[in-house]
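2 protein chains.
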Amino acid sequence: MERVLIKNLRNEVGNEVVIAGNVKVLRNQSKIAFLEIEDRSGRVQGVVFAKPEVKSICDNLKEESAVEIGGIVKEREDSQKNDKVENGDLELEITSITILNASESLPFELDGDINLDTNLDNRPLTLKRRREKAIFRVQSTILSAFRNFLLENDFVEFQAPKLVGGDAEGGAEVFNVDYFKEGKASLATSPQLYKQIMVGVFERVFAVGQTFRAEKSATTRHLSEISMLDLEMGFIEDHSDVIALVNGLVRHISTTVADSCASELKTLNIGAPLTPEQIPIMTLREVQEIIKTQLGNDKTGEPDLDPEDERFICQYAKENLASDWIFVTHYPVSKRPFYTAVDPNNKELTLSFDLLFRGLEMCSGGMRIHKKDELVGKLQAKGLDPRKFAFYLQAFEYGIPPHGGIGMGLERLTMKFCGLENIREASLFPRDMNRIDTLLSKEKQNEADSNE
Amino acid sequence: MERVLIKNLRNEVGNEVVIAGNVKVLRNQSKIAFLEIEDRSGRVQGVVFAKPEVKSICDNLKEESAVEIGGIVKEREDSQKNDKVENGDLELEITSITILNASESLPFELDGDINLDTNLDNRPLTLKRRREKAIFRVQSTILSAFRNFLLENDFVEFQAPKLVGGDAEGGAEVFNVDYFKEGKASLATSPQLYKQIMVGVFERVFAVGQTFRAEKSATTRHLSEISMLDLEMGFIEDHSDVIALVNGLVRHISTTVADSCASELKTLNIGAPLTPEQIPIMTLREVQEIIKTQLGNDKTGEPDLDPEDERFICQYAKENLASDWIFVTHYPVSKRPFYTAVDPNNKELTLSFDLLFRGLEMCSGGMRIHKKDELVGKLQAKGLDPRKFAFYLQAFEYGIPPHGGIGMGLERLTMKFCGLENIREASLFPRDMNRIDTLLSKEKQNEADSNE
Numbered sequence: 404m405e406r407v408l409i410k411n412l413r414n415e416v417g418n419e420v421v422i423a424g425n426v427k428v429l430r431n432q433s434k435i436a437f438l439e440i441e442d443r444s445g446r447v448q449g450v451v452f453a454k455p456e457v458k459s460i461c462d463n464l465k466e467e468s469a470v471e472i473g474g475i476v477k478e479r480e481d482s483q484k485n486d487k488v489e490n491g492d493l494e495l496e497i498t499s500i501t502i503l504n505a506s507e508s509l510p511f512e513l514d515g516d517i518n519l520d521t522n523l524d525n526r527p528l529t530l531k532r533r534r535e536k537a538i539f540r541v542q543s544t545i546l547s548a549f550r551n552f553l554l555e556n557d558f559v560e561f562q563a564p565k566l567v568g569g570d571a572e573g574g575a576e577v578f579n580v581d582y583f584k585e586g587k588a589s590l591a592t593s594p595q596l597y598k599q600i601m602v603g604v605f606e607r608v609f610a611v612g613q614t615f616r617a618e619k620s621a622t623t624r625h626l627s628e629i630s631m632l633d634l635e636m637g638f639i640e641d642h643s644d645v646i647a648l649v650n651g652l653v654r655h656i657s658t659t660v661a662d663s664c665a666s667e668l669k670t671l672n673i674g675a676p677l678t679p680e681q682i683p684i685m686t687l688r689e690v691q692e693i694i695k696t697q698l699g700n701d702k703t704g705e706p707d708l709d710p711e712d713e714r715f716i717c718q719y720a721k722e723n724l725a726s727d728w729i730f731v732t733h734y735p736v737s738k739r740p741f742y743t744a745v746d747p748n749n750k751e752l753t754l755s756f757d758l759l760f761r762g763l764e765m766c767s768g769g770m771r772i773h774k775k776d777e778l779v780g781k782l783q784a785k786g787l788d789p790r791k792f793a794f795y796l797q798a799f800e801y802g803i804p805p806h807g808g809i810g811m812g813l814e815r816l817t818m819k820f821c822g823l824e825n826i827r828e829a830s831l832f833p834r835d836m837n838r839i840d841t842l843l844s845k846e847k848q849n850e851a852d853s854n855e
Numbered sequence: 404m405e406r407v408l409i410k411n412l413r414n415e416v417g418n419e420v421v422i423a424g425n426v427k428v429l430r431n432q433s434k435i436a437f438l439e440i441e442d443r444s445g446r447v448q449g450v451v452f453a454k455p456e457v458k459s460i461c462d463n464l465k466e467e468s469a470v471e472i473g474g475i476v477k478e479r480e481d482s483q484k485n486d487k488v489e490n491g492d493l494e495l496e497i498t499s500i501t502i503l504n505a506s507e508s509l510p511f512e513l514d515g516d517i518n519l520d521t522n523l524d525n526r527p528l529t530l531k532r533r534r535e536k537a538i539f540r541v542q543s544t545i546l547s548a549f550r551n552f553l554l555e556n557d558f559v560e561f562q563a564p565k566l567v568g569g570d571a572e573g574g575a576e577v578f579n580v581d582y583f584k585e586g587k588a589s590l591a592t593s594p595q596l597y598k599q600i601m602v603g604v605f606e607r608v609f610a611v612g613q614t615f616r617a618e619k620s621a622t623t624r625h626l627s628e629i630s631m632l633d634l635e636m637g638f639i640e641d642h643s644d645v646i647a648l649v650n651g652l653v654r655h656i657s658t659t660v661a662d663s664c665a666s667e668l669k670t671l672n673i674g675a676p677l678t679p680e681q682i683p684i685m686t687l688r689e690v691q692e693i694i695k696t697q698l699g700n701d702k703t704g705e706p707d708l709d710p711e712d713e714r715f716i717c718q719y720a721k722e723n724l725a726s727d728w729i730f731v732t733h734y735p736v737s738k739r740p741f742y743t744a745v746d747p748n749n750k751e752l753t754l755s756f757d758l759l760f761r762g763l764e765m766c767s768g769g770m771r772i773h774k775k776d777e778l779v780g781k782l783q784a785k786g787l788d789p790r791k792f793a794f795y796l797q798a799f800e801y802g803i804p805p806h807g808g809i810g811m812g813l814e815r816l817t818m819k820f821c822g823l824e825n826i827r828e829a830s831l832f833p834r835d836m837n838r839i840d841t842l843l844s845k846e847k848q849n850e851a852d853s854n855e
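For the record, the sequence lines run as chains A and B. Residue numbering for the first sequence follows my numbering, starting at 404 and increasing by one per position. Residue numbering for the second sequence follows my numbering, starting at 404 and increasing by one per position.
Do not rely on the hints blindly, as some may be mistaken.
No copy labels: a pair is met if it fits in one copy or bridges any two.
[To be verified] Subject to a maximum C-alpha distance of 30 Å in a straight line, what follows is the list of computed DSS-like cross-link-like pairs (lysine-lysine):
id: 1; residue 1: 584; residue 2: 477
id: 2; residue 1: 536; residue 2: 669
id: 3; residue 1: 584; residue 2: 619
id: 4; residue 1: 775; residue 2: 458
id: 5; residue 1: 702; residue 2: 774
id: 6; residue 1: 427; residue 2: 791
id: 7; residue 1: 791; residue 2: 587
id: 8; residue 1: 584; residue 2: 791
id: 9; residue 1: 536; residue 2: 774
id: 10; residue 1: 587; residue 2: 619
id: 11; residue 1: 434; residue 2: 785
id: 12; residue 1: 791; residue 2: 465
id: 13; residue 1: 791; residue 2: 619
id: 14; residue 1: 434; residue 2: 465
id: 15; residue 1: 465; residue 2: 738
id: 16; residue 1: 458; residue 2: 477
id: 17; residue 1: 781; residue 2: 465
Hints were generated in silico from the structure; no laboratory data involved. All of these numbers come straight from a predicted model, not from anything done at the bench.
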């Protein structure tokens with residue numbers, strides 16, 4: 404008999420069916436057993452009663468086992484209906500159970516409270532928790548909403564390379580790779596240079612993919628490997644064209660998450676973000692003036708916001724402007740990469756912006772320099788050797804249009820959409836200076852054991 | 404005045420408009436100039452006549468320059484209409500030209516014949532060729548068709564990590580990365596182990612992303628960094644469930660490319676692939692018997708097909724079965740990775756398959772082992788240490804369902820859809836043992852120069 408998905412059981416009331424899934428809950432009593440079975444489409448309760456040969460299977464069954472179950476779909480009696488749970492009006496009267504793959508006893512209560520290291524050391528198990536499934540369904544939804552919005556707006560997706568010829572941008576900590584006999588390559592910290600080249604080709608492009616930073620800090624906001632959502636667009640006037648597009652983009656992502664992930668947000672106990680039609684836009688100086696006025700703290704000379712400033716201005720925007728998001732513009736030249744366009748009205752500032760969301764920087768962007776001579780000058784001013792950028796600079800010899808774009812971290816977005824405390828919870832398999840899958844020291848220990 | 408996209412000029416006949424794009428063709432005569440302008444949406448011809456101040460701009464203009472152009476949209480007279488070219492019934496009577504970014508003289512005729520090294524050394528320019536734009540639009544279309552089909556079929560996308568803890572699978576050449584003080588990490592050669600873990604979570608998953616192999620060969624089919632399209636699905640009976648899904652998937656990709664990329668395929672001078680409703684399926688032995696019968700070449704004892712066999716059987720399938728694709732199944736245990744399920748009817752064979760397309764292997768797949776004990780035995784039989792796989796093996800302790808899947812190379816698919824001779828043409832920025840952007844030896848030369 405062909406397998407029926409649990410979401411379709413509603414159409415099978417009175418029929419005999421076969422379902423397949425994992426046993427998420429098992430309450431095995433002396434004469435009766437209740438099971439909750441989950442497949443990719445949903446969850447349903449089954450009951451085993453007056454079937455000794457089936458009941459005896461339940462006596463040895465463990466939660467999380469993969470099973471195929473035969474039974475008859477029943478509508479519950481009114482007194483038994485529960486509209487608080489999925490399929491709370493249905494029940495499967497189980498007539499057969501085949502164990503496809505038995506689970507061992509769980510080392511801890513799956514949906515209970517566990518600490519972060521336990522969670523991450525046991526990822527193949529803990530990703531099966533309600534909470535983690537909700538987080539990564541939200542992440543998958545953010546990703547497809549990002550893509551769909553951009554494809555609708557004439558953007559072409561491309562694959563940005565991860566192996567690059569050296570630490571081109573300078574500054575950021577990079578990972579080195581042994582590359583054949585020729586020596587060293589690096590892992591890309593950003594697809595920026597390739598994105599700009601691609602603007603010359605398709606005018607509007609985006610890329611999704613990992614970037615790598617050898618961050619020696621162990622904060623709640625940093626990882627060694629993150630997934631970046633990058634876009635770049637040509638024929639713009641200035642950074643405000645990019646802001647307008649990003650406003651539409653994050654509106655679309657917010658609406659899609661709110662619509663498609665209502666039950667996931669409920670599991671995570673968080674509301675959909677406040678995303679007004681026009682997200683507030685302030686210059687860095689305006690933000691600093693508000694901080695000065697509201698907190699009496701004069702930071703108007705600072706070149707950047709620090710984390711507490713970001714939290715404050717987000718709280719301010721939420722309370723006064725009904726927005727969980729805020730664009731902050733016009734950061735000084737010293738704080739932005741060499742390719743950032745300078746503000747024609749104030750040579751010390753750039754046509755750049757950050758987008759903050761629920762207290763954290765999500766995205767950096769701006770208008771870029773499109774004249775080759777200016778770019779070469781900026782490289783030199785930052786102490787970089789233009790000859791190392793020869794490949795990239797070619798794009799600027801052949802009519803690259805005025806352009807700009809952003810890079811946005813998928814894990815940070817996920818973290819703030821889901822209300823997580825630590826970015827490690829927003830990565831399926833987080834990497835940091837102490838961890839690749841399991842804690843590195845533990846892995847070393849295992850290796851030492853196996854060498855004995 | 405707001406910019407109008409070239410594809411929308413049809414709605415503006417008689418109106419004054421502003422367009423922006425790159426000058427792709429410039430024919431500058433003594434009293435008149437013809438320009439072809441291209442933006443992200445299309446191409447149109449413009450003409451400058453009896454406007455000396457605009458004509459003088461054309462006298463210094465170079466092809467590929469980024470321009471903003473004002474003009475009046477005209478329908479051409481019948482005798483001037485050309486239905487062989489895009490917008491061949493329209494013409495822009497140009498009234499103003501603003502150069503947004505001037506191009507230098509092109510070092511070679513852009514759309515002419517160039518050799519592969521010239522093409523790759525000048526990628527920021529050569530990607531602007533008609534041919535390259537067509538190739539990477541096809542690639543982008545393959546990618547979105549792959550995703551859309553899987554999302555429609557309940558698959559969840561996830562981000563597989565690229566930094567991994569060691570050469571877990573053994574065998575393939577891996578790149579090593581300096582990873583903080585703890586020592587070495589590697590670049591993933593495949594998302595396989597993470598895909599299987601994720602089947603335990605979401606039942607059906609897919610991942611798109613780069614994988615890395617330190618291939619010391621310089622063939623036309625291998626790169627150091629490729630984009631893999633991976634999927635894995637649970638609750639299957641055997642490998643034939645995976646074949647059925649992949650059959651639907653490549654049908655969808657073929658149809659989408661044929662529909663959305665008709666003009667690109669024309670530019671590339673290649674037809675859409677023959678993709679029958681049921682792609683032929685043969686066992687490795689059956690293929691070898693055909694080779695023996697047809698060519699008198701007895702390879703029935705061989706454990707695999709070599710490249711000439713793959714080309715032959717594809718030609719055979721095309722001529723006799725009206726298919727550019729063929730599934731070849733049941734490869735021997737010795738030729739498949741440790742996680743491949745063994746054929747219950749013949750312990751020397753596996754429930755595995757390759758999908759060949761137009762003479763080349765596109766994809767490898769099969770049913771996987773889902774019982775932990777069997778997996779541990781297979782690891783040991785291949786000389787691998789199960790303790791190094793402890794993280795992965797956890798998934799098999801907690802009821803992972805019977806499952807299978809495939810990995811498919813995006814560049815190989817692109818190569819065969821587009822009829823390319825060398826896989827480097829199917830990668831925007833190909834990496835191999837001699838090249839990262841520019842030829843490595845050349846890069847070293849540049850560096851040496853700059854150290855003088």
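Results for each hint:
no. : hint       : result
1   : 584 to 477 : neither (68 Å within a copy, 60 Å between copies)
2   : 536 to 669 : within (12 Å within a copy, 45 Å between copies)
3   : 584 to 619 : both (29 Å within a copy, 10 Å between copies)
4   : 775 to 458 : between (76 Å within a copy, 26 Å between copies)
5   : 702 to 774 : neither (34 Å within a copy, 61 Å between copies)
6   : 427 to 791 : between (56 Å within a copy, 29 Å between copies)
7   : 791 to 587 : both (14 Å within a copy, 27 Å between copies)
8   : 584 to 791 : both (20 Å within a copy, 29 Å between copies)
9   : 536 to 774 : between (47 Å within a copy, 24 Å between copies)
10  : 587 to 619 : both (21 Å within a copy, 16 Å between copies)
11  : 434 to 785 : neither (77 Å within a copy, 47 Å between copies)
12  : 791 to 465 : between (60 Å within a copy, 27 Å between copies)
13  : 791 to 619 : both (26 Å within a copy, 26 Å between copies)
14  : 434 to 465 : within (17 Å within a copy, 87 Å between copies)
15  : 465 to 738 : neither (56 Å within a copy, 36 Å between copies)
16  : 458 to 477 : within (19 Å within a copy, 81 Å between copies)
17  : 781 to 465 : between (64 Å within a copy, 26 Å between copies)
Checked against the numbered hints given earlier, the structure breaks hints 1, 5, 11 and 15 and satisfies all the rest.
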